[in-house]
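Student: First to last, the protein sequences are chains A and B.
Using the working numbering, the letters of the first sequence map in sequence onto residues 1 to 252.
Using the working numbering, the letters of the second sequence map in sequence onto residues 1001 to 1256.
If you're looking for bench data, these hints aren't it; they were derived computationally from the structure.
Take these hints with a grain of salt, some might be off.
[Unchecked claim] Incomplete in silico selection of chain B near chain A, CB under 7 angstroms:
id, residue
1, Pro1037
2, Lys1132
3, Glu1227
4, Gly1228
[As the list claims (entries may be wrong)] Below, in silico cross-link-like pairs of lysine-lysine (DSSO-like), each with a Cα-Cα straight-line distance of 30 angstroms or less:
id, chain 1, residue 1, chain 2, residue 2
5, A, Lys159, A, Lys136
6, B, Lys1035, A, Lys49
7, B, Lys1035, A, Lys18
8, A, Lys159, B, Lys1231
9, A, Lys49, B, Lys1231
10, B, Lys1231, A, Lys112
Idealized CB from N, CA, C, for every residue including glycine.
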Amino acid sequence: MSEPKISLQHVYKSFNGKEVLRDLSIDISPGESLVIVGGSGTGKSVTLKHIIGLLQPDRGHVVVDNTDLCCMHAVELNAFRRRFGMAFQEGALFDSMSVFENIAFPLRRHTKMSEDEIRQRVEECLEDVHLHGVEKRRPSELSGGMRRRVGFARAISLKPEILLFDEPTTGLDPVISDVVADLIVEMDEKLNTTTVTITHDMKVAFKIADRVAMLYRGEIIEEGTPEEFQRSENSIVQQFIEGRAQGPLTEE
Amino acid sequence: MTALLERLGRIFIRFSEQTGLWFRMLWRTMVWGIKSPYEVREWSRQMVRVGVDSIPVVFLTTMFTGMVLALQTYTGFQRVHAENFVGSVVALAMLRELSPVLVGLMVTGRVGSSMAAEIGTMRVTEQLDALKALATDPVHYLFVPRVIAGILMLPFLVILGDALGIYGGYLVSVKLLGANPLVYEQNTFSFLHLNDLWSGLIKSAVFGLILTLTGCVRGYYTTGGAEGVGKATTNAVVSASLIILLSDFFLTKVLF
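Same shape as in the complex, but just chain B:
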């Protein structure tokens, strides 16, 4: 019994430590974010890495999600004779929920992991110490451009994802299931509010912050050589994905 309590206590302490560390690094990133010199070249490099390079993944994920969503809702809605509303459901679900979360998770896998591996390798090869020795704070040079790229680029990816998801749903409904294109189109847009779009975009900016910062922090605190880098990478993906899914609920509650 005491052993169990001890274990739980230890898990709790570790969790609190990690949370505290995360917020401390968030604070440091914000403080350094406003300081010059601004590495514009590095910022744009990271934006390409987070944004442009993620387009193929986002393309496939959201398009197929929109398609499968149309298929599934059609099956369900047919039973209650509400086939006409498939378009509305697909659009609402993509904008409010699926596009932000799926893009967040996919970019975590693609970019969050590689940031953790990159910074982790810099840690074990003393490149982070070298940065400091060259009077450059790693948070300033490495964290700030990555986090900014995450916050700015994720909303763009989500807009793209929204459009592709809706189009995927349209394709399946109209071409495969024989829905009336005009009715489908009308039902897709007539029930949408601007808030549906905004809430998704705000969420995605927060997810962008979470996945880049988690990748950076995990990489920064890497210990123990190649094995450590591997662990840091796994941890970055797992914890960023979890934080995204948990915060998704609370953000949705607030932004409703």
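Pulled out of the complex, with its shape left as it was, chain A reads as follows:
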């Protein structure tokens, strides 16, 4: 087996004495699309933020490209993050800037591209997420689905090796959710990135995943290909897939 691109090793994290991640370990191979599913408050977002070093583990290691993020100086870590593209839950677009400026932001800061090249690259990125003619609009003038897509475009502008999606379809209607899921598959294939997505939408998860992992109470309780995952005998996993109110997930 090849070296993992991303490796979480025995990660523990607590907030105000409440343990959120408990001995979380998972390896992600280069080019793989991993989807982490789980209920609200199980530490999905926290896991994603550890991968990009927005949070540091209390114990354990986060290793990306054989580099341990925990031992990095803030300035080094800042530079290291150029390998990542992260799309946030509500897009997290800079509302003081237009759509164009949002996508051009990382290009202006981290490359020596000319204004023409930047314009061209922004157009390419918007093309990749199937958006046209929105460059001059402000984030507040966009619909939820469009904001997500602009967020995707901004995340891919520096051609990252790793793409992270934080709840890409939460709050979107089923049709737009499906469009967004298709888009993630498309971007993953086109850019050949390692992709980590967190979601609680099983339909989306099965669509975009090479491998699905379920997070429950800060631990991975099941992982496998979408087919294996669907056949899992774990009653927690089954309850989550079916979305039933009765079962071990809701019994304390």
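Given the structure of chain A, go ahead and fit chain B onto it with the hints provided.
Tutor: Just chain B now, with coordinates in the frame of chain A:
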């Protein structure tokens, strides 16, 4: 008794934490301040915001302060037959004390609060995380231009405030109270030292640093949604104003 001590202890710990945090962020701002890329566009945008946009407020505040100061000192000085020195007092007070402090406080209300609200909103909408994810340190991109704008623009506002305050005093004394314009003018400037101007300008640069950095730090550590942003804004104004007034005393003592 123990409960009281416990409370005092907790207040002390919180105070120490906040002070430490403030100086840590000051250090980080200095470290990032010398690093490229320099966002010249963002720097100038913030300078307009702190400097140019504050001119109307500074205009009214200092002008009327100069006017009222002339009125008040006239009343007092008349009793000891020292009306001729109203001009000197107005000029000294404006340059050394009133212009820097009033401009500092007014800009805190105008700009410090809006910085806290802006950065606080960025925190609760994950825009600060997005900045980091785009390999951009928020201290570098947000703090540095704001703090630099504060340090550079406040002295300019204070020079303007000095001039307006003195002119306000002149207007009231000469036009309203019938002082001799020539004598007034002479008394205004003949007792001034260059140090009076400098000490005010140095103080105002420090106030500029305090009010912008406090606004940024309060915004940066916002927690808990819209309510949190509101608290951060209030805290930024209250603590920046307090720090300005306290440091004013010590700075004056040092710069005397």
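Student: Starting from the hint list further up, note which numbers the structure goes against and sort them upward.
Tutor: As far as the earlier hints go, 3, 4, 7, 8, 10 are violated by this structure, in ascending order.
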